[in-house]
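J.: The lines below spell out each chain.
2 protein chains.
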Amino acid sequence: MKWSKSYLFTLREAPADAEIPSHVLMMRAGMIRKVAAGIYTYGPLALKAIRRFEQIVREELNKRGCQELLMPMVQPKELWEETGRWQEMGEGLQKFKNRNGHEFCLGATHEEVITDFVRKDVKSYRDLPFNLYQIQTKYRDEIRPRFGLMRGREFLMKDAYSFDRDQEGAEGSYQLMREAYQAIFTRLGARFVVVAADSGNIGGNRSEEFHILADSGEDQLLVSEDGLFAANVEVCPALLKEESGTASSDKASVQGGAPEEFATPGLKTIADLAKSTGIGPEQLVKTMFFMTEAQEPICVLLRGSDEANPVKIKNALRLANPPRLLVDQEVKDLTGAWPGSCGPLGLKIPIYVDQAVERMDNYIVGANRDGFHLKGVSHRRGDFKLTQVADLRMAQEGDPNPQGQGQLKAYRGIEVGHIFYLGTKYSQAMEAQFLGEDGQLKPIEMGCYGIGIGRSIQAVIEQNHDKDGIIWPPSVAPFHVHICMLDPDEPAVQSLVEEVEVALTADGYEVFIDDRAERPGVKFKDADLLGFPLRINLGSRGLQQAEVEIVERRNKSIIKVSPKSLVGALLEKLKELQ
Amino acid sequence: MKWSKSYLFTLREAPADAEIPSHVLMMRAGMIRKVAAGIYTYGPLALKAIRRFEQIVREELNKRGCQELLMPMVQPKELWEETGRWQEMGEGLQKFKNRNGHEFCLGATHEEVITDFVRKDVKSYRDLPFNLYQIQTKYRDEIRPRFGLMRGREFLMKDAYSFDRDQEGAEGSYQLMREAYQAIFTRLGARFVVVAADSGNIGGNRSEEFHILADSGEDQLLVSEDGLFAANVEVCPALLKEESGTASSDKASVQGGAPEEFATPGLKTIADLAKSTGIGPEQLVKTMFFMTEAQEPICVLLRGSDEANPVKIKNALRLANPPRLLVDQEVKDLTGAWPGSCGPLGLKIPIYVDQAVERMDNYIVGANRDGFHLKGVSHRRGDFKLTQVADLRMAQEGDPNPQGQGQLKAYRGIEVGHIFYLGTKYSQAMEAQFLGEDGQLKPIEMGCYGIGIGRSIQAVIEQNHDKDGIIWPPSVAPFHVHICMLDPDEPAVQSLVEEVEVALTADGYEVFIDDRAERPGVKFKDADLLGFPLRINLGSRGLQQAEVEIVERRNKSIIKVSPKSLVGALLEKLKELQ
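So the sequences go chain by chain: A and B.
When we follow the working numbering, the leftmost residue of the first sequence carries the number 3, and every step to the right adds one.
When we follow the working numbering, the leftmost residue of the second sequence carries the number 3, and every step to the right adds one.
Careful: at least some of the hints might be erroneous.
Which copy is meant is left open, so a pair is good if it fits within one copy or across any two.
What the hints assert, rightly or not - Calculated cross-link-like contacts (lysine-lysine; reagent style DSBU-like; alpha-carbon spacing at most 35 Å):
1. K562 with K469
2. K527 with K65
3. K79 with K36
4. K575 with K79
5. K7 with K575
6. K125 with K36
7. K334 with K99
8. K562 with K377
9. K97 with K36
10. K444 with K527
11. K575 with K125
12. K527 with K122
13. K140 with K65
14. K125 with K469
15. K140 with K125
16. K36 with K444
17. K122 with K469
18. K122 with K99
19. K4 with K469
20. K36 with K7
21. K125 with K527
22. K125 with K558
Calculated from the structure, these hints are not laboratory results.
Please read all numbers here as calculations on a predicted model, not as lab measurements.
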């Protein structure tokens with residue numbers, strides 16, 4: 003493909019709203035263009051990379067007996083009401099009415115549609131198991147779309163659904179998809195980890211996420227030193243570093259007395275309070291307030307040094323979605339004090355307590371009176387009532403490995419895949435049943451499995467780039483070889499370029515030829531930006547000296563070969579890179 | 003692929019709402035399943051056919067220098083307002099608001115998005131020409147979705163857009179796409195015609211449609227005997243059969259007198275009136291009423307024997323969309339009489355007159371009084387005022403060829419492709435400009451080109467089927483060879499099946515194997531329904547007699563070959579069928 007015949011416009015600068023390198027580079031390389039917030043047009047180069055990745059996904063799924071179909075993006079309300087998710091999905095589910103007043107949504111996921119599809123066909127255990135998948139456009143009304151394809155509103159996804167007779171079969175299907183995903187991301191050529199994860203509002207009993215590691219990743223991952231345990235921080239169990247109590251949990255001090263109010267004027271934060279009292283944050287208690295989707299406020303107590311984990315709170319309370327933090331005015335209305343002076347005493351709402359706080363005693367909390375705190379507080383004495391004790395805090399780097407020896411190490415990742423064992427959540431709600439060998443009607447055991455196609459491509463760029471541009475892994479590179487024609491009008495240059503293109507194309511590689519009338523410097527800069535694995539610099543002077551430069555994009559190493567051995571050298575290099 | 007490993011459930015009967023054969027057959031073959039009215043899931047077999055057709059489309063477009071990209075389905079109101087089509091597209095454009103109150107629509111077509119994409123990149127004449135296309139899901143809120151994929155709400159389309167420096171270039175791009183479409187539908191293996199067409203609310207100066215011929219086609223096409231003229235009836239010029247006036251256009255009779263009312267009780271239709279008066283329908287005048295999108299009623303006069311052509315009325319009045327026929331009550335409110343007794347005299351609304359009526363004189367029209375008509379009416383005398391005379395009727399089979407000798411012949415077709423020369427309608431409205439060689443800013447010359455992907459597949463089935471099932475053209479057949487294993491447990495049968503599968507797969511063909519434990523009759527019936535080009539009947543008895551049957555689906559011809567020569571015979575037959 004010649005640049006002069008391509009629709010390709012590179013940019014020197016990306017728009018200001020491109021915040022992370024991969025977003026900047028995709029904009030600059032003409033791969034994506036914003037149509038509206040979180041909604042993009044994919045240019046020809048992006049689409050080539052996407053198609054290559056889709057092909058890898060298809061091959062690995064088909065190899066494992068999965069079958070491809072295509073479900074619609076527009077889905078009727080009635081199906082979503084059968085599972086209760088019409089409400090439960092919240093405002094992220096984009097709903098609308100048609101001209102006849104019928105209600106629809108744009109598919110953000112397809113459990114309802116596939117379960118409906120399958121229940122019409124499946125009758126007997128003989129019809130099971132099977133796994134159906136699609137590669138399709140999804141839509142979610144993200145509040146704050148950002149980072150290009152990382153958190154978009156409209157996005158390309160592969161979603162697969164497995165259907166089995168029993169739990170054992172479903173477990174096998176889950177493992178098979180786990181293997182498929184390992185194979186897919188390995189072939190993609192990305193560094194990735196698999197972590198335990200929350201099931202969100204997909205539901206089910208077990209789920210794992212596949213993350214491409216990158217510093218700008220939105221998710222924090224905690225991995226044990228031996229690599230055998232890995233979890234998204236959202237669900238990573240938080241163990242205490244030492245089993246001993248804190249200094250303030252001195253039983254004796256609890257015996258008598260009652261909480262005593264003291265003035266803390268102007269102390270708004272845990273840090274302020276720690277500084278003023280000389281007591282470490284891990285020995286202070288922090289009072290937070292959240293609102294559930296049922297519009298019920300709750301109080302959460304944590305150590306001053308800890309961070310609340312909304313997903314753990316959601317799971318402890320069996321909510322469909324993580325609760326929302328109250329804004330300052332709501333806190334004031336609820337407690338009589340602004341945040342910073344609030345505490346659990348005298349509250350009329352449920353109080354959820356992190357397990358690290360449960361072990362504490364004789365501690366300081368806000369007095370629910372602006373500028374005052376209470377000291378000598380003890381839930382053991384009944385100063386306030388604990389509704390429930392649970393693990394509600396974010397685990398941290400350095401926390402003990404919950405499944406073995408050593409400590410946890412923190413990484414940042416971009417979630418590109420997610421696999422769920424669903425059980426019978428959808429098949430029971432929608433009566434997707436089959437007649438078992440024993441003559442009994444049973445709900446089908448299901449699993450579901452997603453890969454963000456566009457996001458994977460951007461994540462690969464986020465992980466593989468340098469200051470000059472993209473460094474494509476050969477697996478999904480739009481083109482494999484980039485020829486900079488330094489003298490595009492020179493017949494000898496033209497004929498060698500054509501020879502290279504014909505030979506490499508015959509071997510299944512794709513060649514991009516910069517035949518523009520531009521200076522070499524401009525061409526080299528664009529070649530680095532576009533980032534195809536190998537570049538050739540081909541000009542009259544080199545040919546006169548019987549020398550052609552092959553530049554490897556990843557490390558910018560240069561080898562010089564004779565024009566005669568160019569094709570052979572390229573093929574060898576390409577094989578090496580695979 | 004073995005049936006036992008496939009997700010494939012055939013049906014004996016299709017649901018009652020499947021009205022035409024292709025819809026029935028696609029339902030019965032498990033190719034599509036309804037999710038909501040006009041919204042379908044495509045099963046694995048349908049998707050295979052679709053993907054094959056997409057590949058043909060891609061190859062023919064790429065060969066001609068077109069480049070593939072992918073635009074979003076969700077599009078912001080702002081872009082559509084730039085061209086005025088946010089209003090003009092009417093209720094077929096599905097609109098909605100997101101959680102922040104921003105307005106969007108689902109893309110029914112992508113002129114606005116592609117023009118926006120291009121205007122951000124193109125600066126100079128050196129950046130032109132180019133042609134960009136996508137294969138993507140579109141949505142239109144059809145009032146009455148029907149016939150499966152023929153008139154669906156959600157549908158798969160290939161849409162391409164050409165961008166040129168000037169009209170000459172744009173004409174060349176149009177012709178190149180016309181050639182591409184000819185090649186695409188020829189490779190598809192369908193009988194098709196190209197006809198002159200209306201531009202609808204896409205706009206532009208010239209357009210042609212590609213129709214797959216089929217009796218159930220929604221469009222009527224008129225083709226000259228020499229084949230050089232072809233038009234959709236919507237735009238086919240209607241010429242009069244003879245140049246002589248009608249019997250009633252007797253100048254003498256107009257001289258004196260005035261229209262005279264006479265009683266026509268119970269005569270509601272032109273046929274009634276013709277019978278009662280003894281005057282042929284072609285000598286009577288029919289009065290019809292329509293409402294424009296600006297909510298202005300208009301009157302249209304036609305010969306009693308003619309049918310109104312809403313597209314011609316739209317074009318004569320320069321409306322964006324065809325006008326709507328008034329309902330009876332609206333007519334009564336407007337004229338004082340129910341339809342059947344209405345006429346042009348005394349009306350206060352514009353009166354549009356078909357050119358065949360313009361030549362008439364001394365005729366009968368309704369009196370705008372129930373049960374009465376007027377005779378001796380003459381517009382020449384000024385009985386009423388003609389707002390405009392134009393060709394407003396449907397041309398018919400037998401009408402003169404408007405561009406040559408002979409008569410027109412009628413066909414029915416399914417529109418599967420449509421090409422438009424747009425001119426600068428969109429580039430002017432959206433300021434998609436470039437700096438010409440002369441240093442002047444100019445709007446880009448555009449064309450747009452669509453192919454209904456899903457509809458093409460169904461149209462092929464509509465054209466190619468018999469009472470037993472589908473007859474796939476090999477170009478898009480999901481599988482090429484269907485093996486009915488008559489004794490699936492017999493090792494000799496199994497090993498021959500495997501040999502055939504391996505050999506044909508190596509040659510790029512796909513083999514479907516019915517390995518179910520079913521009776522031969524059931525298998526043959528399903529093979530006929532699924533309709534792959536060749537079937538092999540393979541059982542123990544045949545093998546003992548060293549005989550395998552190869553059945554050609556199209557004509558059910560059977561040849562018998564020895565097991566040894568089976569692979570060779572199949573390959574030869576498949577080559578023949580291409």
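J.: With reference to the structure, classify each hint as holding or not holding.
T.: Hints and how they fare:
1. Taking the closest pair of Cα atoms, K562 and K469 come within 35 Å of each other only inside a single copy of the chain (25 Å); across copies the shortest separation is 68 Å, beyond that limit.
2. With identical chains, the CA atoms of K527 and K65 are at most 35 Å apart between copies only, with a shortest distance of 30 Å across copies and 41 Å within one.
3. Proximity of K79 and K36 under a CA criterion of 35 Å is satisfied in both settings, with 30 Å inside one chain copy and 14 Å between copies.
4. In this assembly of identical chains, the alpha carbons of K575 and K79 never lie at most 35 Å apart, being 54 Å within a copy and 50 Å across copies at closest.
5. For the homomeric pair K7 and K575, the shortest alpha-carbon distance inside one copy (27 Å) is at most 35 Å, but the shortest distance between copies (41 Å) is not.
6. When the C-alpha separation of K125 and K36 is checked against a cutoff of 35 Å, the pair qualifies only between copies, where the shortest distance is 19 Å, while the shortest distance within a copy is 46 Å.
7. Taking identical chains as interchangeable, the C-alpha atoms of K334 and K99 lie at most 35 Å apart only when they sit on different chains, with a minimum of 33 Å there against 39 Å within one chain.
8. Taking the shortest alpha-carbon separations for K562 and K377, neither the intra-copy value of 76 Å nor the inter-copy value of 97 Å comes in at or below 35 Å.
9. In this assembly of identical chains, K97 and K36 lie within 35 Å of each other by CA distance both inside one copy and across copies; the values are 23 Å within and 20 Å between.
10. Proximity of K444 and K527 under a CA criterion of 35 Å is satisfied inter-copy only: 31 Å between copies versus 62 Å inside one chain copy.
11. With identical chains, the CA atoms of K575 and K125 are never at most 35 Å apart, being 54 Å at best within one copy and 38 Å at best between copies.
12. When the C-alpha separation of K527 and K122 is checked against a cutoff of 35 Å, the pair qualifies only between copies, where the shortest distance is 22 Å, while the shortest distance within a copy is 57 Å.
13. Both within a single protomer and between protomers do K140 and K65 lie at most 35 Å apart by alpha-carbon distance, with minima of 25 Å and 31 Å respectively.
14. Taking the shortest alpha-carbon separations for K125 and K469, only the inter-copy value of 28 Å comes in at or below 35 Å, while the best intra-copy value is 58 Å.
15. When the C-alpha separation of K140 and K125 is checked against a cutoff of 35 Å, the pair qualifies both within a copy, at 30 Å, and between copies, at 33 Å.
16. Taking the closest pair of Cα atoms, K36 and K444 come within 35 Å of each other only across two copies (25 Å); inside a single copy the shortest separation is 47 Å, beyond that limit.
17. Taking the shortest Cα distances, K122 and K469 sit within 35 Å of each other only across copies (25 Å), while inside one copy they are farther apart (54 Å).
18. Taking the shortest alpha-carbon separations for K122 and K99, both the intra-copy value of 26 Å and the inter-copy value of 33 Å come in at or below 35 Å.
19. With identical chains, the CA atoms of K4 and K469 are at most 35 Å apart within one copy only, with a shortest distance of 26 Å there and 51 Å across copies.
20. Only within a single protomer do K36 and K7 lie at most 35 Å apart by alpha-carbon distance; the minimum there is 24 Å, versus 43 Å between protomers.
21. When the C-alpha separation of K125 and K527 is checked against a cutoff of 35 Å, the pair qualifies only between copies, where the shortest distance is 21 Å, while the shortest distance within a copy is 61 Å.
22. In the homo-oligomer, the alpha carbons of K125 and K558 lie at most 35 Å apart only across protomers (33 Å), although the nearest pairing inside one protomer, at 60 Å, exceeds that limit.
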